[in-house]
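Undergrad: Protein chains in written order, with the numbering used here: chain G, 1 to 232; chain P, 1 to 114; chain L, 1 to 84.
The hints are simulated quantities; they were obtained by calculation from the structure and are not laboratory data. Each hint should be verified, as a subset may be incorrect.
What the hints assert, rightly or not - Think about it this way: if two alpha-carbon atoms lie no more than 30 Å apart in a straight line, the pair counts; the simulated DSBU-like pairs of lysine-lysine are:
#1 L:Lys25 / P:Lys101
#2 P:Lys100 / L:Lys25
#3 G:Lys3 / P:Lys101
#4 L:Lys25 / G:Lys3
Stated by the list, open to error - Where chain L lies over chain P, by a calculated footprint (3+ residues, C-beta under 8 Å):
#5 8 to 21
#6 25 to 39
#7 68 to 82
#8 93 to 103
Remember, predicted model here, so these are calculated numbers, not experimental data. For every residue, glycine included, the Cβ atom is placed at its ideal position computed from N, Cα and C.
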Amino acid sequence: MIKRVLILAVLVFFLILFLSRVAGIDTPAQLTGVGAGYVDRSVGELNSPNVVTAVVVTYRGIDTLGEVSVLFLAAAAISLLLGSTGKKNGKGGAKEKRSASEILTTGADILVPVIMLFGVYIFLNGHLSPGGGFQGGAVVASAVLLLFLAYPGFRLRHGILAALESLSGTAYVVIAVLGLILASGFLDSRLLPLGETGRIISAGTIPLVYTLIGLKVGTELAGIIDSLGGDR
Amino acid sequence: MTSLAMITGGLLMAVGFWGILTRRNLIRMILSLAITETGLHLVMIAAGYVRHGTAPIIDEAAVAGQTVDPVPQALVLTAIVIGVAVNALLLALIIRLYRKKGTLDVESFGELRW
Amino acid sequence: MMMTILFIVIGVVLLLAALLAVHMKSLLGAIIAVGVVSLFVSILFLILGAPDVAMTEAAIGAGLSTVIFLFALSRTAGRDSDDD
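So that you can see chain G by itself, here it is in the shape it has in the complex (with noise of 0.2 Å):
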């Protein structure tokens, strides 16, 4: 009891803290600093509307790869913690699997296709709308997880999917590489020609490298999911 008690002192100072240093804050009339930088030449520079994803990929895009592999050593790490175990007990997983209701695998059957083209619009239009490889990855990896719910014992192919994977990873890097040589540095977006603004083929390489860390999410989500859920 007394722990709890200097906890919660502990907690109640640094609340009192933080709300003593943020209560007084107006908010600012106007952008200024790094942001408005960003803002004012990400049309110019890179033809990219939506500001965000300009930033996402090229201004900070060594960022972006670097949380890339995080995420990948995530994956792995889990797939190693769970993959390899579950076959000993055989015995847990040897319980029947209850097969879903008709109404949710006919629904899957239907929506599946549709949440997948879903996923790949997000991940197209990232330059153009809210919206990106990383929002579309998770739309992909969730139209996986309702395959896994109408037919439990759906397998996910683990050789496509982790070519596929280091595929485009791979390509992730070979673009940004290329962007040293050909343009004018690590990860620069302006190595394919701008564009139109408003299409959805401009912004240089902007929108295959959001495809290609889409398709690299998707995956390691569904890896992430398929190792957690699949009850071997």
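Chain G is already provided as a structure; the job is to place chains P and L on it using the hints.
TA: Frame of chain G; chains P and L shown alone:
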């Protein structure tokens, strides 16, 4: 609006830390960690807000200098994805611990205590 | 003004859901409460002018994260040891 969002985020973070420090079930500790992350994301997004700001997407409707800051948004975007991957990794470790000991109580994992 | 009231209402719901997630007896209910927190936070992100982040939070925080927690719960028999 900024201070309102920051206060909400700070309170969420406090609730999450309270959960991490006082609960004993491992899954519930990870849930509290997720709440803490959410509060932190809210504080970071609020730091980039501009009065009557629009989303940082440049078109005819956007007024110069009236869009919100895109940099915290890009940071939070990656932080959310990293956060869910790290939570999944922690849950995988917890599943392994459960297979070994058959319990989720954090008090029963005391091998490293001295 | 309208937005401020909406903001405060959602903020109160958020804090209640978070407290519920920490103190609820049933672990399943706590997981759902964390999903509710993520969903309402994504509305706040939308009000703060961050549609990209709102999409990510709704798809990953409220969708995939909840499902991952549920999988972990089902694989650990869901025993709750919060009895202190």
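Undergrad: Does each hint hold? Answer for all of them.
TA: Tested hints:
1. L:Lys25 / P:Lys101: holds (22 Å)
2. P:Lys100 / L:Lys25: With a Cα-Cα distance of about 25 Å, the restraint between Lys100 (chain P) and Lys25 (chain L) holds, given a limit of 30 Å.
3. G:Lys3 / P:Lys101: Roughly 26 Å between the alpha carbons, so the hint for Lys3 (chain G) and Lys101 (chain P) holds.
4. L:Lys25 / G:Lys3: holds (21 Å)
5. 8 to 21: holds (count 7)
6. 25 to 39: holds (count 9)
7. 68 to 82: Per the Cβ count (6), the hint holds.
8. 93 to 103: With 4 residues close enough to chain L, the hint holds.
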